[in-house]
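Protein chains in written order, with this note's numbering: chain F, 1 to 515; chain E, 516 to 667.
No lab work stands behind these hints, which were simulated from the structure alone. Heads up, some of the hints might be wrong.
Here are some chain E residues pointing at chain F (derived, C-beta under 7 Å) [to be verified]:
id, residue
1, Asp-583
2, Leu-584
3, Glu-600
4, Gly-638
5, Arg-653
For glycine and all other residues, C-beta sits at the position ideal for the given N, C-alpha and C.
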Amino acid sequence: MITIYVPRDSAARSVGADEVAHRIAEWAVAEHVDLELVRNGSRGALWLEPLVEVQTPQGRIGYGPVTVDDVPGLIAADFFNGGDHPLRVGFVDDLPWLASQQRVTFARMGLFDPLDLESYRATGGLRGLTRALELGGDQAVAEVLASGLRGRGGAGFPAGIKWRTVLEASDATKYVVVNADEGDSGTFADRMLMEGDPFTLLEGMVIAGVTVGASEGIVYIRSEYPDAIATMRTAIDIARLDGWLGADVLGSGLAFDVRVAVGAGSYVCGEETAMLESLEGKRGMVRAKPPIPALAGLFGRPTLVHNVLTMAAVPGILAEGAGHYQALGVDRSRGTQVFQLAGNVAHGGIVERGFGLTLRELVEEYGGGTRSGRPVRAVQVGGPLGAYLPETAMDVSLDYESLVEVGGMLGHGGVVVFDDTVDMAAQARFAMAFCAAESCGKCTPCRIGSVRGVEVIDRIVAGVDRQDNLELLEDLCDTMTDGSLCAMGGLTPLPVRSALNHFTEDFHRNAEVSS
Amino acid sequence: MSGHAPWSASQAQVVLTALAPHQRLVLPALQVLQETFGYVPDESLDLIADTLNVTRAEVYGVLTYYHDLRRTPPPQTVIALCVAEACQAQGSRELVAAVEDAYGVRMGETNGDVEISEVFCLGDCALGPAAMINGRLRGRCTVDSVRAAVSA
Ligand SMILES: Cc1cc2nc3c(=O)[nH]c(=O)nc-3n(C[C@H](O)[C@H](O)[C@H](O)COP(=O)(O)O)c2cc1C
Ligand code: SF4
Ligand code: FES
């Protein structure tokens with residue numbers, strides 16, 4: 001029997017994985033080959049997608065990126081025995097790109113069919129939940145606290161403190177909500193995890209539920225992710241049948257069930273209180289805090305809200321113990337970050353490492369520089385509200401505090417690379433336009449300021465009263481920073497100002513004119 | 516996009532009546548109607564308001580808040596092009612212009628057969644420019660591959 005892996009990840013599918021799988025299956029049927037075709041999750045080496053892997057006695061050998069038209073040549077090259085071919089990348093586990101990573105949250109990613117529960121158990125699945133049930137609420141919370149885990153959704157708040165707040169809230173009804181809105185450009189780790197290892201996220205939610213005393217969990221997934229929605233729904237059904245989700249979690253007598261809610265196209269609904277409003281069926285308007293969601297969240301009940309990656313780190317922390325996780329990383333950034341490398345980069349994809357590698361290592365060593373082959377000019381770290389860093393700032397350590405020191409932020413760990421053809425004034429303008437398009441409308445500085453921001457940048461670029469308009473832009477940024485209820489309006493000045501400060505020349509290309 | 520039922524008030528009533536208890540909220544109700552009919556006709560607002568016991572204004576407020584919800588039927592072909600930063604770094608601005616030219620349709624508009632709309636990130640940011648064409652995600656897009664996907 002021959003075992004061949006072709007990913008079912010939607011990024012792999014977006015570049016032809018289904019067609020490749022189909023062609024391989026056709027060949028197997030025609031030639032009476034005894035084939036096991038596994039649709040695995042993606043390894044995260046996205047530039048190699050579709051990455052076809054063949055099981056050999058020595059390990060899995062990869063070929064990529066494979067198109068349908070490459071399949072006959074691969075067959076002729078005896079690829080099912082690991083035969084030589086221009087697309088052969090060698091043993092996938094030995095690729096320095098992968099071997100040098102610290103895959104913790106993404107430990108299972110790409111290894112097997114994401115909905116194969118037997119493989120999930122065989123690789124340590126449900127050990128964390130079993131231990132959490134043994135420990136009980138107080139001790140399980142202590143474990144999360146000791147791990148040093150911080151929120152991966154953007155704010156970086158210590159997870160254990162939230163857990164304790166919800167645990168200690170006395171309400172009989174509590175909720176666990178996973179934020180899978182993942183709106184940041186350049187981020188896709190939540191999507192890949194839901195498509196490639198959904199049981200890990202579910203196990204994390206069940207652990208959270210039985211620990212803080214909630215019986216209902218909801219995953220709020222953006223509508224742009226149809227595959228993730230489908231995979232999570234199927235995984236929920238499988239887990240229920242297996243008895244670790246539902247009325248009696250693993251025979252503990254505790255009930256916890258999960259359902260999927262689907263977003264409707266709104267970036268600001270990734271902000272946790274806007275998400276709660278949306279889950280209540282309303283317009284996704286940001287709520288003023290306090291009260292914090294941990295005390296008064298969904299329908300006014302105590303609600304534990306976490307990003308997908310935060311929640312997916314939990315099963316490993318409970319299974320291996322907090323110390324194991326805490327040992328990775330630097331300073332106050334413990335554990336690993338699942339970095340997402342995107343944009344104009346040769347080797348885009350997932351790089352999971354303990355905090356503390358440099359941006360340069362990430363972009364140059366893992367990313368292999370730009371895909372265009374031109375020099376890197378700017379890197380945006382942390383999504384649309386993150387700073388544009390110049391090439392000279394790339395020695396910054398990638399951890400929460402170091403990024404703040406250079407005027408940036410980690411956000412959800414997205415890193416977008418631009419080469420020297422980028423027009424940074426256009427990027428600054430886009431940041432304002434994006435804010436105008438996605439503002440929930442509650443605060444004037446965000447709703448109106450962003451529209452004004454676009455106009456002012458247009459005048460600066462056109463050279464109209466440039467100095468006055470530059471001052472106006474500074475003023476506007478101050479007003480947005482100080483007068484916005486949430487980070488949408490509050491942080492939009494970050495990409496704008498970083499573009500202006502580090503790439504001033506792009507705002508001065510046209511001769512000055514006075515109005 | 517095909518596969519949607521033609522608007523019918525009685526079918527809408529059936530769909531709304533069949534909502535699960537946790538879906539008896541304005542947004543899920545609108546989403547279910549859109550799944551059924553491809554859009555949310557203005558005629559359905561009173562129906563939703565009555566079924567859920569909320570005001571028509573509330574329903575209207577939610578309907579007009581979310582980018583996904585549409586008040587007119589979708590044309591045969593819907594091309595949603597990613598215009599967010601990671602795709603910009605991979606040439607999405609040029610792709611948008613080329614696709615607009617190829618179909619003679621501007622961003623955000625339709626000619627009755629083809630609609631081109633913008634979307635902020637599809638989670639395919641390492642394989643951009645990305646697009647969602649008739650509900651299917653496409654990566655490494657060129658104007659030719661977009662055309663091929665449209666006729667697929
Ligand atoms: C405009 C805006 C958008 C956000 N989008 C997301 C998102 O898509 N996913 C996410 O997990 N957190 C997002 N956040 C952060 C959430 O508000 C919240 O901090 C997070 O979900 C908490 O989970 P964590 O503690 O695990 O990070 C966003 C915040 C803001 C202000
Ligand atoms: S800053 Fe913008 S998005 Fe945030 S609450 Fe205010 S108006 Fe809404
Ligand atoms: S930025 Fe285009 S898919 Fe993410």
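Status of each hint after checking the structure:
no.: 1; hint: Asp-583; in the structure: holds, 4 Å
no.: 2; hint: Leu-584; in the structure: holds, 6 Å
no.: 3; hint: Glu-600; in the structure: holds, 4 Å
no.: 4; hint: Gly-638; in the structure: holds, 4 Å
no.: 5; hint: Arg-653; in the structure: holds, 5 Å
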